[in-house]
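If you're matching them up, the sequences are chains A and B in order. Each residue of the first sequence is one higher than the one before, starting from 468 at the first, in the numbering used here. Each residue of the second sequence is one higher than the one before, starting from 468 at the first, in the numbering used here.
Incorrect hints may have been included.
The list makes no distinction among identical chains, and a pair is therefore deemed to hold if it is satisfied within one copy or across any two copies.
Unchecked claim - Using 20 Å as the maximum straight-line C-alpha spacing, the simulated EDC-like pairs for lysine to aspartate or glutamate come out as follows: (1) 746 <-> 493; (2) 828 <-> 864; (3) 491 <-> 747.
Read the hints as simulated data drawn from the structure, not as lab findings.
Protein chains: 2
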Amino acid sequence: MGTKNIKLYGFGVVGQGFQDYLAKNENAERLHTIIVKNDSKQRKAVPSIIETTNEKTVLDKDMDVVVELISSAKEAYGLVAENLEIGKRVISANKKLIAENLADLIQLEKENNGTFLYEGAVCGSIPIIRVLNDLFANESINAVKGIFNGSSNYILSKLFNEEVSYNDALLEAQKLGFAEADPTSDVGGFDALYKLIIITAHAFGKILKPEQVLNIGIEGISKQDVEFAKQHGLKIKLIAKAELVGHQLTLSVLPTLISANNDLFTVENEFNGVVVEGKDIGSQFYKGKGAGSLPTGSVIYSDLKAIDRGYQYNYKKLANENYLVNNTNVISVILSTKDTYSLQDIEDEFVSLYPLDIYGKQFIGKISLENLAAIKFNLQKEKISILALENDNLIDELTLASVKEEVLV
Amino acid sequence: MGTKNIKLYGFGVVGQGFQDYLAKNENAERLHTIIVKNDSKQRKAVPSIIETTNEKTVLDKDMDVVVELISSAKEAYGLVAENLEIGKRVISANKKLIAENLADLIQLEKENNGTFLYEGAVCGSIPIIRVLNDLFANESINAVKGIFNGSSNYILSKLFNEEVSYNDALLEAQKLGFAEADPTSDVGGFDALYKLIIITAHAFGKILKPEQVLNIGIEGISKQDVEFAKQHGLKIKLIAKAELVGHQLTLSVLPTLISANNDLFTVENEFNGVVVEGKDIGSQFYKGKGAGSLPTGSVIYSDLKAIDRGYQYNYKKLANENYLVNNTNVISVILSTKDTYSLQDIEDEFVSLYPLDIYGKQFIGKISLENLAAIKFNLQKEKISILALENDNLIDELTLASVKEEVLV
Chain A
468 MGTKNIKLYG FGVVGQGFQD YLAKNENAER LHTIIVKNDS KQRKAVPSII
518 ETTNEKTVLD KDMDVVVELI SSAKEAYGLV AENLEIGKRV ISANKKLIAE
568 NLADLIQLEK ENNGTFLYEG AVCGSIPIIR VLNDLFANES INAVKGIFNG
618 SSNYILSKLF NEEVSYNDAL LEAQKLGFAE ADPTSDVGGF DALYKLIIIT
668 AHAFGKILKP EQVLNIGIEG ISKQDVEFAK QHGLKIKLIA KAELVGHQLT
718 LSVLPTLISA NNDLFTVENE FNGVVVEGKD IGSQFYKGKG AGSLPTGSVI
768 YSDLKAIDRG YQYNYKKLAN ENYLVNNTNV ISVILSTKDT YSLQDIEDEF
818 VSLYPLDIYG KQFIGKISLE NLAAIKFNLQ KEKISILALE NDNLIDELTL
868 ASVKEEVLV
Chain B
468 MGTKNIKLYG FGVVGQGFQD YLAKNENAER LHTIIVKNDS KQRKAVPSII
518 ETTNEKTVLD KDMDVVVELI SSAKEAYGLV AENLEIGKRV ISANKKLIAE
568 NLADLIQLEK ENNGTFLYEG AVCGSIPIIR VLNDLFANES INAVKGIFNG
618 SSNYILSKLF NEEVSYNDAL LEAQKLGFAE ADPTSDVGGF DALYKLIIIT
668 AHAFGKILKP EQVLNIGIEG ISKQDVEFAK QHGLKIKLIA KAELVGHQLT
718 LSVLPTLISA NNDLFTVENE FNGVVVEGKD IGSQFYKGKG AGSLPTGSVI
768 YSDLKAIDRG YQYNYKKLAN ENYLVNNTNV ISVILSTKDT YSLQDIEDEF
818 VSLYPLDIYG KQFIGKISLE NLAAIKFNLQ KEKISILALE NDNLIDELTL
868 ASVKEEVLV
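Chain A extracted, bound-state conformation (with noise of 0.2 Å):
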């Protein structure tokens, strides 16, 4: 500590949070090298201490932590492991890198004697891997649920409260720094999803890979399907999932419509929410920043902080449960749709659909999470979108007030 220790790898709207926050806490100095794969970019400002590489990650000897925060996966690969393998000191906030690698990663860490600390890949400044690891790591978890995509929650707040489009909700969103640099991965649910399966290692010892689990974006949610949100005094979130049902896993990344009473529902913009439902310490809820530079940059300090202290995760559950994995679990969806034509093809999939309006355009439907998934890409933006309810009681309460408003008709 005190020695010029910390390479930099990445120098975005992340890298530079970090920065600045190292730099308010007098540790400015720690900070020997930040490696940018092309300087030609216009920064806030460009340290004497920026480098430029394509080569092979150079190791450093002299440097023991080591901040991953470039945008390519493939790339954070070679560099993170590499350095682990020499028992390094690693942190990361890439979280697909993470939820694509993290059997292998865990293993190079222990067999190497290095550390690897990933809080600011998840949920932004929300400290929930550490909670996870060190509050539940004794605790038998039922459900861990919310919104893990600042970008998606902001474009999702912005179609509610505003009268904007989604491409210009997106744009702003991208403007003030909250988007990924690939904007599918938000708005796909990718990015929520690899969140979750992060998540999932801790809270139930279980390593997923991210194809294993559905994720729906919000790409295909339409006006109609807000206006029909706020008709019921509902709203519609991007909600990961990892629950069990039955001593089983299920996971799921759905547009869903929650209910005022909802935790998760007073969650707006860029901020992000988790659930954590534990069988003895009962349900807590966590909220806070999910992206923007110095909120993730100052959590990213925070995994400094606890390295020069000598923290490690203790992947507790990893060693001690072993769940299987589930995708048979039924779930109720709203289905809307344009045209009747496009529903040929996949109303077959589902357990039960019943019509909401009576033009033959909306429906309630029950399908398996699996069935979900096979029909996911007959899911066209532009025909046919799908929400989840949080729970069976909203059907009741949907369906009664369709009945009441054909009525009314």
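Once you've looked at the hints, dock chain B against the given chain A.
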């Protein structure tokens, strides 16, 4: 570790929860002795390792972890201090003990290389001390506020949601084990005050004595107050708050009118909620069970696991910050009285006082915290009640509403 190295003092609701949690986690055999004052009490189960003592604390060199869960702060001081003096690792959930003696206990911890952890003392299952100490150690905090007392919050929820009397609600809270041994501490706002003192030490690096801070409890809240809040879509919550006002620290515990867009609005029954406002990290909100056997027992178990890996609070801000305390800030309040005579003694203390109704029984006023403290003992349960406003935006809303009502009359 693995040896019988824990001595537990006290075996009430929380002590039994801790023992349950320890047993669930295959650490039951670590518990060497349970010391109780009186073993004629009815208990769910009386383990064979229970011992009764009225004598002075017995120091035991073989045990290095002391878990103090007795109700008397005075007796707790003796055993916590004595054990820290010989470098033991001590866990306590005694908020009164800690709030009244924190500076001394930290000094004993440091001088003798002991460890003193107390997550269970503050907000039950919410790991707020760990969050402030670890995650926010380097963050400039503007405010910490919240609902820190599950028992009084349970009573307020009952008063708002059911047609029960204050006394029936209190009895039920006690029956469910949410209320402390002495209800005055809960409903008088002392319990919340102790927790605020402890939080302030970690959030702002300032250790205050409880008598330096104004606390008004919920005993004076009348049916009319509840009706008034409901009419305006507001709730009354017992809010403890520490905030920077112009670089000076202001603390208070006050029954407060809050609106639906306040995160604390959703905190019901025995739950606690904490809002932390950081300069760079933004606003964070934490909600979880604030009382109960297992939720609190599990957090004490987390302290034990933290001790096992050598964790200590860093008290970083205690060394770096030195805020002055200011009690001259003016706040806005609603004052209700049964008869106008009760007002005569106290009205001079207000900066302003305007009638809200035409009967001269309800007023909206501005008063400094120190003047409010001066008239605290005039606020007799039966005669006058005071409700703070969450912020001054509420003034216009309430004043306009009252004008409307008068017009209608």
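Comparing the hints with the structure gives:
no.	hint	in the structure
1	746 <-> 493	between (42 Å within a copy, 17 Å between copies)
2	828 <-> 864	within (19 Å within a copy, 43 Å between copies)
3	491 <-> 747	between (40 Å within a copy, 11 Å between copies)
When held up to the earlier numbered hints, the structure conflicts with none and fits them all.
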